[in-house]
Amino acid sequence: MTVIENPTVVETPPLAAARGRVLRQLLRNPLGMVGAVLILIVLFVGIFAPLLAPYSPSEVHFATPFQKPGTVGFLLGTDDLGRDIFSRVLYGTRASLEVGALSVLLAVFVGVPLGLLAGYWRSLDVLLSRLSDLLLAFPFIVLAVGLAAINGGGLGNAAIALGIAQVPIMMRVVRAETLRLKESDYVLAANAMHVGSFRILREHILPNSLAPIIVQATVIMPTAVIGEAILSFLGLGILPPAPSLGIMLSDAQQYLLRTAWPGIFPGVALAIICLGFNLFGDALRDALDPKTSR
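Residues in the sequence shown are numbered consecutively from 690, following our numbering.
Hints listed in this document are in silico derivations from the structure and should not be mistaken for laboratory results.
Some hints here could point you the wrong way.
Stated by the list, open to error - Simulated DEER-style distance windows between Cβ atoms:
no., residue 1, residue 2, range
1, Arg811, Gly924, 29 to 39 Å
2, Pro719, Gly759, 41 to 51 Å
3, Leu720, Asn897, 25 to 35 Å
4, Leu720, Pro930, 34 to 44 Å
5, Ala960, Pro828, 18 to 28 Å
6, Leu716, Ile839, 20 to 30 Å
7, Asn897, Arg811, 29 to 39 Å
8, Gly956, Leu732, 16 to 26 Å
9, Arg888, Arg717, 32 to 42 Å
10, Asp822, His750, 44 to 54 Å
11, Val815, Ala949, 27 to 37 Å
12, Glu892, Leu764, 48 to 58 Å
For every residue, glycine included, the Cβ atom is placed at its ideal position computed from N, Cα and C.
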């Protein structure tokens with residue numbers, strides 16, 4: 690009598706173990722930790738700006754224009770209208786985060802489904818890929834400026850313009866991941882069992898595509914923040930008297946020969962926001978990539 694031994698079953702690591710590996714990889718990356726700290730500081734400033742700001746961002750003090758940093762009552766000085774620079778930087782950071790978050794959400798909720806459809810069905814791939822090629826033919830900022838000029842200024846319109854400009858890039862990332870995953874063994878087995886296509890996309894391809902989607906979202910965030918500053922600098926983004934880092938830079942350029950402080954501090958705030966997300970995004974990409982882990 691022949692005894693058939695059971696084949697060895699290789700179990701995949703549980704989800705908790707995978708999360709622990711990613712967390713350990715992040716903690717071992719010093720630049721990633723610096724980025725995480727900067728992001729936490731920026732989020733704290735943006736969320737609690739109304740509590741941290743000593744003045745309203747639009748409150749003017751005509752008797753105290755161009756005060757230097759460290760002046761009593763004005764930590765970072767004042768601008769040409771006597772408005773407190775510290776308060777305006779706090780509220781401008783908050784506006785930048787709002788625009789960036791809305792842009793990321795729009796790019797994810799539009800670009801991810803389009804990428805899944807284009808990668809899974811070749812018939813749709815031709816149409817959607819040509820559409821993304823058309824949008825990518827225009828530089829990102831040119832497309833955002835054009836959309837903002839059509840829709841008008843405002844925080845919401847700026848976020849929509851920047852989000853739409855990022856949709857083709859997110860779609861390309863998800864499409865490439867879908868093309869790779871649909872040839873994997875578990876997807877082929879699901880097709881052999883006549884599992885529905887939308888169920889395969891929902892339960893197999895989309896969950897395994899989350900890593901590149903999250904990494905791409907961390908790339909979109911600083912790009913959208915810079916884009917918002919450029920739009921506001923050109924008068925196509927957030928409209929005065931609402932605070933914006935781009936508006937502060939635009940107002941300060943005509944007084945650079947007299948004092949540079951009104952333009953330095955919003956520029957530093959933009960640099961901190963973008964540096965934090967870029968450093969953390971690079972560390973997150975390395976942590977989520979199994980090829981870089983031992």
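Taking the hints in turn, this is what the structure says about them:
1. Arg811 / Gly924: 29 to 39 Å: At 44 Å between Cβs, range violated.
2. Pro719 / Gly759: 41 to 51 Å: 32 Å, violated
3. Leu720 / Asn897: 25 to 35 Å: 27 Å, holds
4. Leu720 / Pro930: 34 to 44 Å: 38 Å, holds
5. Ala960 / Pro828: 18 to 28 Å: The hint (18 to 28 Å, Cβ to Cβ) holds, given that Ala960 and Pro828 are roughly 22 Å apart.
6. Leu716 / Ile839: 20 to 30 Å: 46 Å, violated
7. Asn897 / Arg811: 29 to 39 Å: 20 Å, violated
8. Gly956 / Leu732: 16 to 26 Å: Hint holds: Cβ distance 20 Å, inside 16 to 26 Å.
9. Arg888 / Arg717: 32 to 42 Å: 38 Å, holds
10. Asp822 / His750: 44 to 54 Å: Hint holds: Cβ distance 52 Å, inside 44 to 54 Å.
11. Val815 / Ala949: 27 to 37 Å: 53 Å, violated
12. Glu892 / Leu764: 48 to 58 Å: For Glu892 and Leu764 the Cβ distance comes to about 53 Å; the hint holds.
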